[in-house]
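Protein chains: 4
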Amino acid sequence: MPRIPSIRLPHDAKAGPTKPEVRAVTLSKLGLTPADHFVEVGSCTGAVTIEAARRAGRVTALERKPERLEVTRKNLAANDVGDADVELVAAEAPEGLPDDADALFLGGSRNFEAVLDHAVETDVDRVVMNVSRLEVAGRAVEAFRDRGILDEVAQFQASHGYELAGATSFDSDNPVYLVAGGAGDDEGSGDEDAEASGVSDA
Amino acid sequence: MPRIPSIRLPHDAKAGPTKPEVRAVTLSKLGLTPADHFVEVGSCTGAVTIEAARRAGRVTALERKPERLEVTRKNLAANDVGDADVELVAAEAPEGLPDDADALFLGGSRNFEAVLDHAVETDVDRVVMNVSRLEVAGRAVEAFRDRGILDEVAQFQASHGYELAGATSFDSDNPVYLVAGGAGDDEGSGDEDAEASGVSDA
Amino acid sequence: MPRIPSIRLPHDAKAGPTKPEVRAVTLSKLGLTPADHFVEVGSCTGAVTIEAARRAGRVTALERKPERLEVTRKNLAANDVGDADVELVAAEAPEGLPDDADALFLGGSRNFEAVLDHAVETDVDRVVMNVSRLEVAGRAVEAFRDRGILDEVAQFQASHGYELAGATSFDSDNPVYLVAGGAGDDEGSGDEDAEASGVSDA
Amino acid sequence: MPRIPSIRLPHDAKAGPTKPEVRAVTLSKLGLTPADHFVEVGSCTGAVTIEAARRAGRVTALERKPERLEVTRKNLAANDVGDADVELVAAEAPEGLPDDADALFLGGSRNFEAVLDHAVETDVDRVVMNVSRLEVAGRAVEAFRDRGILDEVAQFQASHGYELAGATSFDSDNPVYLVAGGAGDDEGSGDEDAEASGVSDA
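Chains as they are written, first to last, in my numbering: chain H, 1 to 202; chain R, 1001 to 1202; chain V, 2001 to 2202; chain F, 3001 to 3202.
By construction, these hints were calculated from the structure, which means they are not laboratory data.
Heads up, a few of these hints could be off.
Simulated DEER-style distance windows between Cβ atoms [what the hints assert, rightly or not]:
1. V/Lys2074 x R/Gly1148: 54 to 62 Å
2. H/Arg110 x F/Asp3117: 26 to 34 Å
3. F/Pro3098 x V/Ala2077: 33 to 41 Å
4. F/Asp3012 x R/Pro1098: 52 to 60 Å
5. H/Pro10 x F/Glu3092: 53 to 61 Å
6. R/Asp1146 x H/Glu95: 53 to 61 Å
7. V/Asp2012 x H/Asn174: 22 to 30 Å
8. R/Asp1146 x H/Glu92: 49 to 57 Å
9. R/Ala1090 x F/Arg3110: 55 to 63 Å
10. F/Ala3078 x V/Leu2164: 43 to 51 Å
EDC-like, lysine to aspartate or glutamate: derived pairs with alpha carbons at most 16 Å apart [stated by the list, open to error]:
11. V/Lys2074 x V/Asp2012
12. V/Lys2019 x H/Asp171
13. F/Lys3019 x R/Asp1171
14. R/Lys1019 x R/Asp1171
15. H/Lys74 x H/Asp12
16. H/Lys65 x H/Glu95
17. V/Lys2065 x V/Asp2012
18. V/Lys2019 x V/Asp2171
19. F/Lys3065 x F/Glu3092
20. R/Lys1019 x F/Asp3171
21. H/Lys19 x R/Glu1152
22. R/Lys1065 x R/Glu1095
23. V/Lys2074 x V/Glu2087
24. H/Lys19 x H/Asp171
25. R/Lys1074 x R/Glu1087
26. H/Lys65 x H/Glu92
27. F/Lys3019 x V/Glu2152
28. H/Lys19 x V/Asp2171
Virtual Cβ for every residue (Gly too), placed ideally from N, Cα, C.
Given only the sequences and the hints, what does the whole structure look like? Please build it.
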């Protein structure tokens, strides 16, 4: 069974892209709109960069490894992202982080506490972090909580069907933790802001 | 922990909305663009309708229960979906299905074989069905396979953190099966179409 | 991280043994005691055979492939199962099924309806079937239900940690369906029988 | 669907028993034999105590809350555990821990670092800890690793079927982390010891 496609990633970074389903959930939590400046730490394959470039008005993607940034650049070029305003920055965050991000995604855990500190200082509205390792997930939740920006912790797991002797057997992706929050939550956002960023269906 | 919001659903249908994470994955599989006519069978709370209305050029939502269609209508009105072209139809599919859908979502299993027959006849490009019950999921996969439109089967599970004695315990949503495919797969779509609907990152 | 051991399986059958965690749950559902005659359909690697031989008074293991039965025999010999009364039978069930089983395990789905018919006819007290494929799981549940012997359906998934850069990443086993029931349920078993086979902690 | 039973737990402790499937996996990791002295920290409902009493030669169950210890006692009395040698101790571990345990189970995380220290000092062969909270699971793995006794980390999830409109819907238990290891691993155990405690099928 060929899986239903979303974006083209002809170029490969060693770490592998965020899986499509995790990416979909991550992007739904980020709730990007054309009014947003989206900042990504660790763009790697560029899968999130591409999808964000289709939603946010402005994208800044940081990547500390030049060869990975090159992969981001090539994969971005292989997809139609319209006339998106995307800046690729060779830097190890928190170095190089802009001060006007509306939404921030941490694809990895490197320096995450310093990145979160910067997010708090610059009042980033929505922050989402994906973590695959247990101890790091625990520390990430604590770091969000300690900074007063924790809104949500979730674990996701997808299993993919393949045909085996005429029926469907499954291959499971590993579980991924998603930690989400935002420095701007208690900033007295009025009804309009709430509507712009979406309001809970809980 | 308040969960990160996405859409407003002030009005309630008994069956409960598709969970936000399942909705995010479902919508990513549907890959809606402004060029698409999206058709939904069983709009219920309207959660998928609202998100589809923000992406597709045209939305037709069928719902056999009038009181549920009213909930769809009210929730749709409570969200900003721009000037989306949305038609709500009180009908039990396959009755009332338009013949020019590009993407079709089955939120429930009622009459699903007849709905799939119609999707094949009218050459619907992308079809996604969500199923929660085991036997029905098995029959759905068989129905997609029998019609030659099966592309993907996935199972998805999300667990949500809540604070318990200062740390994060989880509450699990039930697993959901997602069956996806499309009648238009082997229709010789050129490169441009492939790009428009996205091409695999597998 | 070396996983905590349970039994020796030096000899390999192509299909791979039931995973240790699924085996543990399966055996707990079977609730074997020295009073039981346990019958297994598809002994394969022999993993379940060995653990059953340590619990049940008598074990009959059927395997239609002679080379797999040889693997069962060798792995059985490599483990201490005391003076267990184990009979290995080269037969394709329902051929070769004894008429006095107390507990029956179906490790695969081959001929499962005929095997279940035999279980009903011979009044087998506990029947457990493991299934990995979706459509087959659905049909198995229906087969148990149609025969009036369905007690329980469960899905299990285990993820195993491995060290990655100093922390724990996970590798997931595929989900497994477990269907359980028994022909003897409504046979008016008294309190003593109930106690022998265990009584619910639900 | 009534679930297949295992033990009787007529008396209730507030925290709820370890779920049957998690208990089955936990006991399989502990690999108890009549030669073992099994020690449990936090016996609570007594579900693990009862099953351990059927396998180990000797059981010592610690519980810091007297009313819970009373529940353990009553539930133990409601099950046939033969002439098992079970001692119930009202103590908050590490207080009251015996020095000759072969296998140790931590059902909760209270004082777990001190309990693990005692396990290392007294050379406990097998140690299993169940954790449900994320941050605690991360710290538990680190505590096992720091003491050089980490063998295995697993995450386990069970979903239970119930009948909904003639087919099977699922209700998911929350995921549980299982951390396992043992101080006696590198103690030069000969082949016989290895066989007694079981040797890997990995």
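Now the hints, each set against the structure:
no. : hint                              : result
1   : V/Lys2074 x R/Gly1148: 54 to 62 Å : violated (45 Å)
2   : H/Arg110 x F/Asp3117: 26 to 34 Å  : holds (32 Å)
3   : F/Pro3098 x V/Ala2077: 33 to 41 Å : holds (37 Å)
4   : F/Asp3012 x R/Pro1098: 52 to 60 Å : holds (56 Å)
5   : H/Pro10 x F/Glu3092: 53 to 61 Å   : holds (60 Å)
6   : R/Asp1146 x H/Glu95: 53 to 61 Å   : holds (56 Å)
7   : V/Asp2012 x H/Asn174: 22 to 30 Å  : holds (26 Å)
8   : R/Asp1146 x H/Glu92: 49 to 57 Å   : holds (53 Å)
9   : R/Ala1090 x F/Arg3110: 55 to 63 Å : holds (58 Å)
10  : F/Ala3078 x V/Leu2164: 43 to 51 Å : holds (45 Å)
11  : V/Lys2074 x V/Asp2012             : holds (10 Å)
12  : V/Lys2019 x H/Asp171              : holds (15 Å)
13  : F/Lys3019 x R/Asp1171             : holds (15 Å)
14  : R/Lys1019 x R/Asp1171             : holds (13 Å)
15  : H/Lys74 x H/Asp12                 : holds (10 Å)
16  : H/Lys65 x H/Glu95                 : holds (13 Å)
17  : V/Lys2065 x V/Asp2012             : holds (14 Å)
18  : V/Lys2019 x V/Asp2171             : holds (14 Å)
19  : F/Lys3065 x F/Glu3092             : holds (8 Å)
20  : R/Lys1019 x F/Asp3171             : holds (15 Å)
21  : H/Lys19 x R/Glu1152               : holds (15 Å)
22  : R/Lys1065 x R/Glu1095             : holds (13 Å)
23  : V/Lys2074 x V/Glu2087             : holds (13 Å)
24  : H/Lys19 x H/Asp171                : holds (13 Å)
25  : R/Lys1074 x R/Glu1087             : holds (13 Å)
26  : H/Lys65 x H/Glu92                 : holds (8 Å)
27  : F/Lys3019 x V/Glu2152             : holds (15 Å)
28  : H/Lys19 x V/Asp2171               : holds (15 Å)
In summary, the one numbered hint that this structure violates is 1.
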